[in-house]
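Note that the protein sequences, when read in sequence, are chains A and B. If you're matching positions, the first sequence starts at 676 in my numbering and goes up one per residue. If you're matching positions, the second sequence starts at 8 in my numbering and goes up one per residue.
It cannot be assumed that every hint is accurate.
Simulated DEER-style distance windows between Cβ atoms [to be verified]:
id: 1; chain 1: A; residue 1: 714; chain 2: B; residue 2: 226; range: 30 to 36 Å
id: 2; chain 1: B; residue 1: 83; chain 2: A; residue 2: 715; range: 25 to 31 Å
id: 3; chain 1: A; residue 1: 703; chain 2: B; residue 2: 314; range: 49 to 55 Å
id: 4; chain 1: A; residue 1: 709; chain 2: B; residue 2: 38; range: 43 to 49 Å
id: 5; chain 1: B; residue 1: 126; chain 2: A; residue 2: 759; range: 18 to 24 Å
id: 6; chain 1: A; residue 1: 722; chain 2: B; residue 2: 336; range: 22 to 28 Å
These are computed hints drawn from the structure, not numbers from a lab. The beta carbon of each residue, even a glycine, is placed where N, CA and C say it ideally should be.
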Amino acid sequence: MSKEEMIKLGSRLKETREYLNLSQEFVSKNTGIPRSAISAIEYGKRKVSSIELANLAKLYNYPVSYFLKEQDMIEDQTLNNLYRAAGDLTESDKQELIRFAEFLRYSGKRDSTTRDERNG
Amino acid sequence: MKETDKKDMWIAQLAAMEATKELEEAKVSWDREIDIFSIIENAGLPLLFRPLKHLSGAYIPANESSDLKAGILINSDHPRSRQRYTAAHEYAHHIQDQTMSLDRETEIVGRTQQRMLPEHERFAEVFASWFLMPPQLIGNIKKALGINFDYPKPEDIYQLSLVLGTSYRAIITQLVALKEISWTQANRLRKWQPKDLKERISLRRFTDTPWNDIWEINKHYNGRSIHPKVGDELRLCLEETPSTGYIWISSDWDPAIILVDQRFVESEGEKIGEKGRREFNIKPEYAGESSLSFSLQRPWLGKKSEVDSFHIQLIIESEYLGVNPKLLLVEA
Numbered sequence: 676m677s678k679e680e681m682i683k684l685g686s687r688l689k690e691t692r693e694y695l696n697l698s699q700e701f702v703s704k705n706t707g708i709p710r711s712a713i714s715a716i717e718y719g720k721r722k723v724s725s726i727e728l729a730n731l732a733k734l735y736n737y738p739v740s741y742f743l744k745e746q747d748m749i750e751d752q753t754l755n756n757l758y759r760a761a762g763d764l765t766e767s768d769k770q771e772l773i774r775f776a777e778f779l780r781y782s783g784k785r786d787s788t789t790r791d792e793r794n795g
Numbered sequence: 008m009k010e011t012d013k014k015d016m017w018i019a020q021l022a023a024m025e026a027t028k029e030l031e032e033a034k035v036s037w038d039r040e041i042d043i044f045s046i047i048e049n050a051g052l053p054l055l056f057r058p059l060k061h062l063s064g065a066y067i068p069a070n071e072s073s074d075l076k077a078g079i080l081i082n083s084d085h086p087r088s089r090q091r092y093t094a095a096h097e098y099a100h101h102i103q104d105q106t107m108s109l110d111r112e113t114e115i116v117g118r119t120q121q122r123m124l125p126e127h128e129r130f131a132e133v134f135a136s137w138f139l140m141p142p143q144l145i146g147n148i149k150k151a152l153g154i155n156f157d158y159p160k161p162e163d164i165y166q167l168s169l170v171l172g173t174s175y176r177a178i179i180t181q182l183v184a185l186k187e188i189s190w191t192q193a194n195r196l197r198k199w200q201p202k203d204l205k206e207r208i209s210l211r212r213f214t215d216t217p218w219n220d221i222w223e224i225n226k227h228y229n230g231r232s233i234h235p236k237v238g239d240e241l242r243l244c245l246e247e248t249p250s251t252g253y254i255w256i257s258s259d260w261d262p263a264i265i266l267v268d269q270r271f272v273e274s275e276g277e278k279i280g281e282k283g284r285r286e287f288n289i290k291p292e293y294a295g296e297s298s299l300s301f302s303l304q305r306p307w308l309g310k311k312s313e314v315d316s317f318h319i320q321l322i323i324e325s326e327y328l329g330v331n332p333k334l335l336l337v338e339a
């Protein structure tokens, strides 16, 4: 992973943690990654192992792929309705709604993956 | 009766019935505020608090084709009572028809203005009122706190709103809907703003944020559980007669709560040392569960001389932002 990719990954992890309003202490306690390492990872100063990334993604309720590659814009009826209904809102409110829908989509995806895994 | 009135009444009845059914299924206690946030989370709906400019909240329904889970977004900048009302309103959309809802204003708007709302919004408004302020709960708290609805005092209604975790305006509207108070009484109560009441209670200009409230706690609160917020003022008043040697003493003091000051106030017309009240001015400093315990005793004889006691459980709330971390741990 290049330095640039490390910084991008770290900043995505930081931004997600802050979106959910989780402290570094909480994340450290529940992933086993030392607090200082979380800080270094978020600033792209330390590499994150695949196990660490899997644990962070699991805690944040997002798939690992969310942190590794640019996400495509969600295309579905709900999102189209959301764009339409949010027409007169401020840009920041629209962004919050889209971000929330994204969070719900990944929460739902994780549920269906867990469901599929359970069903065999 | 006009057709529109009949329809209005039918929507209100349906919403009230749905709210009652949901409360019974959630097995709520009828003596404390309804824990709407936990009820939503227990229903499997992610609940997220974020700063929003012109939205009170939003409900996004599930979409199986894209694995989108249903969830509720709440404005983290709003006062807690309003957040609770918005949450109940959005939950109604989930219960009712699971259609997307972006609510610019979710504060209760009163019966006349409710008619201007689309049917599903009217349903959500009535559902939210009945969910957070069901008659059984209002009746129990009114009785326990000794509030008289025949001559409702604004200070009493404000305290009722605090115990129920709703806004002052919302409880007035619900009391009218339940025919507990008349329109005239409601209009008289509405002349008061919570800020004015806080100033009247505290006898000072109230410059704190609208987030904070002033609780007037008396013997009626003994054994109860309340939800003050970090930074609220708790004015605990307990009757005392110093000439008997018995005074109210705190049996233990949680560091999460600060005792700002205490004083003895003589009752009007009483001689020095006769009956009066001891006032404790208390401020919760940190969020979490805590309690206050006081014992009426002769200090030189200690606990064995106790003739009365007072205990109250405090669930100290802080401002919510993001997601409830406990839910992520369940998911993980």
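Each hint tested on the structure:
1. At roughly 51 Å, the beta carbons of residue 714/A and residue 226/B sit outside the given window of 30 to 36 Å.
2. Between residue 83/B and residue 715/A, the C-beta spacing of about 29 Å keeps the proposed range 25 to 31 Å intact.
3. In this structure, residue 703/A and residue 314/B meet the distance hint of 49 to 55 Å, their C-beta atoms being roughly 51 Å apart.
4. A hinted range of 43 to 49 Å holds for the C-beta pair residue 709/A and residue 38/B, which are about 45 Å apart.
5. At roughly 20 Å, the beta carbons of residue 126/B and residue 759/A sit within the given window of 18 to 24 Å.
6. For the pair residue 722/A and residue 336/B, the beta carbons lie near 26 Å from each other, so the given range of 22 to 28 Å is met.
Checked against the numbered hints above, the structure breaks only hint 1 and satisfies the rest.
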